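Chemist: Spelled out, the chains give:
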Amino acid sequence: MLRIHCPVCGLRDETEFTYGGDATMRRPDMTESDPKAWVDYVFIRDNPRGPHKEYWHHVTGCRQWLIVKRDTLTHEISGSYLAREVADLADEVAA
Amino acid sequence: MTARRLPSGGRIDRSRTIRVQFDGRSFVAHPGDTLASALLAGGQTLLARSFKYHRPRGLMAAGVEEPHALVHLRDGNRHEPNAQATMVEAFDGLKSTSQNAWPSLQFDVGAVNGLMSRFFGAGFYYKTFIGPLKGTGFWMFWERLIRRAAGMGRATTLDDPDHYEKINAFCDVLIAGTGPAGLAAALAAGRKGENVILVEQDHVLGGSLLNEQAGAPSDTWLSHAEAELRDLPNVRILSRTTAFGAYDTEVFGLVERFQDHVRAPEAGKPRQRYWLVRTKRAILATGAIERPMVFAGNDVPGVMLASAVRKYLNRYAVLAGKNVVVATNNDSAYTPALELAKAGAKVVICDLRRNIPAGLADSVKKAAIDLRLGQAVLKAEGGKSVRGTYIVPVDSNGRATAKGTRVICDLVAVSGGWAPALHLWSQRFGKPQYHASLDAFLPPAEKGAFLCVGSLAGAASLQEALSQGHAAGGSIGREPSLSGPDDFWGRDLMPVTVITKADGSTPGKAFVDFQHDVKLADVDQAYLEGYVSVEHLKRYTTSGMAADQGKTSNLNALARMATLRGMEIPSVGTTTFRPPYTPVAIGAIVGHDHGLYFRPTRLSTIHDWHKENAAEMIEAGAWLRPWYYPAKGENIRGAYIREAAHVREHVGIVDVSTLGKIAAQGPDTAEFLNRMYANGFKTLEIGRLRYGVMLREDGFIMDDGATARLGQNDYFMSTTTANAAKVLAMAEHLLQTAWRDLKVHVTTVTDQWAAIAIAGPKSRDLLTAVTKADLSKETLPNNHLAYVLVADVPCRLHRMSYSGELAYELYIPAKSGRKVWEALVAAGAPFNLKPYGTEAMGALRIEKGHVAGAEIEGRTTMKDLGLEAFASSKKPFVGSVLRKRPVLEDPKRPSLVGLEIIGNTGAKAGSLLFSLNGPTKGHGEGWVSSTTYSPALKKNIALALLARGPARIGETIQVVDFLGSQTLQAKVVSHHFFDPEGHRQNG
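Residue numbers (my numbering), protein chains in the order written: chain H, 1 to 95; chain F, 1 to 987.
These aren't lab readings, by the way, just hints derived from the structure by calculation. Be a bit skeptical, because a hint or two may be false.
[Claimed, not checked] Here are the simulated distance ranges between beta carbons:
1) F/713 with H/22: 26 to 36 Å
2) H/5 with F/263: 25 to 35 Å
3) F/822 with H/5: 47 to 57 Å
4) F/365 with H/1: 52 to 62 Å
[Unchecked claim] In silico negatives: residues of chain F with every beta carbon more than 12 Å from chain H:
5) 270
6) 671
7) 674
8) 793
9) 876
Predicted, not measured: the structure shown is a model, and the values here were computed from it. Ideal placement from N, C-alpha and C gives every residue a C-beta, glycine not left out.
Can you build the whole structure from these sequences, using the hints too?
Modeler: Next up, the structure:
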């Protein structure tokens, strides 16, 4: 079991969260009409071995979506942020 | 083997006598005994039959590593299989029986398997069940027989009468093991004021110190240490508790066998407890497990680990044999050898090494022990009990170099070195480091918040173990000081554990994995067949895969493979340990979370009324909903047809409190809804309702429901019961990530509102009477809302219809749900009001052609379900681009139609559709999604998805239920079966 630091609620059990997938993906603009951009966003994922950024939803807590830096190999968590407070989702998190 | 209890000594309470049973025979024991020590004391050397060959087996060990002595415990509904006799505390009246033997342990017909062993070697299943006779049927026929012949104990099929509980705990430091290192760590950490949880699988503290002779100098230290720890309020000691799992982020799983040492748990007490402990750091002091040697007959009862022989002698005062051969490759077996000699046994030591430390040689000489250097046991002889050994001189590879001698004995005490119990460490971090001089894998001294101390870390003496523990705990207070026997196994160990003839073979079966009957020859065969990686070796031979997870076998299997491949052990590698360290009862993991308590059951605030009025309830997600209200003697079919017909003729009410309800508020809510739903929401006026369809990002339909605009910035969304959580999570995700520019807040209000649907031609009259409000068609047209009072409760009345009748939904503050329901029932008598359940609701919506969960099932698009008209072309929305993927626009996709079934039998949901004259093979041209008898149409109807559906209206097709072998014919019609123009709902 992981324990995840929620910036609002503190260190909490993984069972309070649901996994939300790859947080390095940037949703195309609403006006984007090219299907390729949407196919990339919805279906195409890297499967990195090592450091990764993921969405986790504190679903039985404060209901905030977090961006969690987690190592997929060691499960080590090196940071977690409120998604709404990250300045530019794709760029900031990729840094 | 002639084991007996010594007249004095041991750590048992001789003042009390208790009795335990094995296979009907009664044995005298004392508190402090295990089942194993009691049976050994009573001379019972045959305890089990082996897994595959049904060979006689006795005790090999005295702890968690015991591979042979698995027994049934208790009887009736407390019957328990595969208990290790070495881990079961003896209590008065304990019943145990042997397993995997027929007709008896003494005479077991299955032993004939031993003669067939050349057919049951590694890969037996794979080879036998492929080839000419392959096939599932063939396997399934044999599996039953094989499982009966080869196996472990039998579980009971009766319900477990005991209860188990779960505990969540937090601490600063979790310490596993209360041997000298663990106790020293706990003392230092406890003195420092850290919040400590100290875990011990035994019922007493002390670990390896308990294997010293009673009265040893360490006993005084042990009792002082325990007293100090028990005085510290910040130290919690959990005995009879095993730390079985180390999980990410310093979370540990423990199982406490709280009431396993009594006949039945005391009233109100759980039998076991499952602890989930979150700690800041962990100190592992789990010790080491002695390693057996591999030679012919190394499984015969009477061949035991030297440390186990010592433990039975010193802790339980049981002398396991009179004539003992000690076979060793290291110093640690000398202490038991000397103690056995002192207790009166005749001892022969054969040591693979040609030289041993002078001090050891002197002491064995003084004890009149026959010491044979450079020699090893090639074979242990005997059937149900060891009768002798054949001892040979060996070379540095463990191969016999000359003829040997036969030594009569009734006990063989073996030490092939030691394996640190690094299971918990390995569960977290994987591969440990191999130390050639110790011939053992060790965890690195420190890793993150984990510290390993004592024998686990290869401590060379008792003092070093104490020092390591003291330092790991925080070095607070005086460092404990104790001297123990100078017999560190790692000092001059000769890393050879496999003893063979000169040609490399063994004169008889030599076992690597005892519990799964994996022989040395099986490892050799795996090598010859190319299964050389440790992971393949494990799975092909099943070595290390039994209930003991290879505690005594992993290293010997690895070592043999390394020899065969001409490689060093670290190059061959090691497998990773997984939780649990020792078996954990499923009951402990489940705790109270079973049956009705598996998850919370959600109840509407009107639930009690439904129960009082004899409703049959049905599960809908986590909710219980009224399914139907049977009249006396009425079945479900009679009830739902009556209820549905009643709604069309009079008026009915149904509890729809389970609908998902979301408050969406803020200045940009209209834009938010416009993006979430496929249809436009910007034009929705205050006081109006609009049905909406919502897609997933991939363009498939996710959900549908009505949204009400309550104020300028205040909207009330409703979702289906099943998708409420999914819709809210998606809305939150988008608002917190991609749509952060929108000023909108969403929150669930499902539990805040009870909801009642009132449907039927008399619904307006009823509501007018109850509310005294003007609800005329002009004041409150369809898709409008009004604020009303019912029984003095302020409610919101939405005019909208799911049944196709004139209908309303009443939203009520949740706590007043029942009050308003009862007010409606009371006022409804003159209008012939009846409640109806979900089954009738389903019949009504199918008649009307409305889609529900059976149609919005994740694989259907708006086009498939004939909802295309709701999709706005003027704006983008979630899924608007991907729903237009060419494959989803294909006219051959199954699309929604209605079916009128020909004949008097209804279709089964899930039936497949085929052309009238075509073959009924394969997946068909579509399927039936929802089915009902329609009281309005007086026929069986269904909703279905049919390839090119709308173009086939008028065609007759076949409806085949392959499960029930039912074939029907049906006419394809519009899914708007009833009142397609909507006169009734708009009236």
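Chemist: Which numbered conditions among the earlier hints are violated in the structure presented, ordered from lowest to highest?
Modeler: Going through the list in order, the structure violates hints 2, 6, 7, 9 and respects the others.
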